[in-house]
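Asks: Sequence:
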Amino acid sequence: MNDGLNSSVKCHTPGLGYREPSAGMRESLRLDNNRISDECTSRHQISLRRATTLMSVPMSVVVVFTVQNGLGKDIWTLTPEQINEFFKLFYIGEHFYAFTVMFAKTNFLFFYLRLFSDEKFRRLTWGVIWACVISAVSFLVATSVQCWPISYTWTKWDGEHQGRCHDINVQTWAHASVNIALDVIVVAMPISQIVRLNWRWRQKVGAGNMMFAVALLITFVSILRLSSIKDFMKTSNPTCETISVVYFYDGDEQFNI
Numbered sequence: 340m341n342d343g344l345n346s347s348v349k350c351h352t353p354g355l356g357y358r359e360p361s362a363g364m365r366e367s368l369r370l371d372n373n374r375i376s377d378e379c380t381s382r383h384q385i386s387l388r389r390a391t392t393l394m395s396v397p398m399s400v401v402v403v404f405t406v407q408n409g410l411g412k413d414i415w416t417l418t419p420e421q422i423n424e425f426f427k428l429f430y431i432g433e434h435f436y437a438f439t440v441m442f443a444k445t446n447f448l449f450f451y452l453r454l455f456s457d458e459k460f461r462r463l464t465w466g467v468i469w470a471c472v473i474s475a476v477s478f479l480v481a482t483s484v485q486c487w488p489i490s491y492t493w494t495k496w497d498g499e500h501q502g503r504c505h506d507i508n509v510q511t512w513a514h515a516s517v518n519i520a521l522d523v524i525v526v527a528m529p530i531s532q533i534v535r536l537n538w539r540w541r542q543k544v545g546a547g548n549m550m551f552a553v554a555l556l557i558t559f560v561s562i563l564r565l566s567s568i569k570d571f572m573k574t575s576n577p578t579c580e581t582i583s584v585v586y587f588y589d590g591d592e593q594f595n596i
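Our numbering numbers the first residue of the sequence shown as 340 and each following residue consecutively.
Hints are computed from structural coordinates only; laboratory data are not their basis.
There could be a bad hint or two in this list.
Unchecked claim - Cβ-Cβ distance ranges computed for the label pairs, FRET-style:
#, residue 1, residue 2, range
1, Pro-419, Leu-463, 20 to 28 Å
2, Arg-462, Leu-536, 32 to 40 Å
3, Gly-498, Arg-453, 52 to 60 Å
4, Gly-466, Trp-538, 22 to 30 Å
5, Asn-508, Thr-558, 15 to 23 Å
Where is the CB? At the ideal position from N, CA and C, for every residue including glycine.
I would like the entire structure built from these sequences, with the hints used as guidance.
Replies: Structure representation (structure tokens):
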């Protein structure tokens, strides 16, 4: 595995992650500052937004270091140390992603609690908040112990270490599917409350169409992400084949923020 195997290179797109995550970090921080400057924003809402933004920063940093350790290159052009670091960073990034998406969803939901006073809707909102938290925690626990010993997560590739792993593909698909369902629910929830507002029907239809469009976009992006993660842990060239997975996760994270 060395850089001299240029004739064997079929995947060489490093460097993409150097700019995109950095731009994402700058944009997230800029949006966070703009939101916080809003005098109508509560302290509680500010805390959630800051938490979401702060969790997105290390995720973006992880993507940058993943690029430095081989993302976008063929695995046979890398050193064993780089491959270990790649899988280790991918493992760390999964944890940050789950936290960021959870904070983004709950940020929306706590905003609904401030905006709408209907008791049934508020109970539903709290139920969805807990569903988001439970989903994130379940994924974090499953991800943390996906292999045993944990170090086997980033050393199993060489076939020289002993350990066992559960089916990562099943876990990833399950988490992504639950996320799609929660995304659609979170976006669609306010429609029932908008109908009751003292607005003109044209305004109600406009707001409903906007939310439907957002839900459709989220679902479309999530489906694309599902197609990108298909059997991604079974590929023989993970540093090349997982580049679409990383960018979809990073893009999904920035979109949620």
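Asks: Each of the hints needs a verdict: does it hold here or not?
Replies: Verification of the supplied hints:
{"no.": "1", "hint": "Pro-419 <-> Leu-463: 20 to 28 Å", "in the structure": "51 Å, violated"}
{"no.": "2", "hint": "Arg-462 <-> Leu-536: 32 to 40 Å", "in the structure": "20 Å, violated"}
{"no.": "3", "hint": "Gly-498 <-> Arg-453: 52 to 60 Å", "in the structure": "54 Å, holds"}
{"no.": "4", "hint": "Gly-466 <-> Trp-538: 22 to 30 Å", "in the structure": "26 Å, holds"}
{"no.": "5", "hint": "Asn-508 <-> Thr-558: 15 to 23 Å", "in the structure": "21 Å, holds"}
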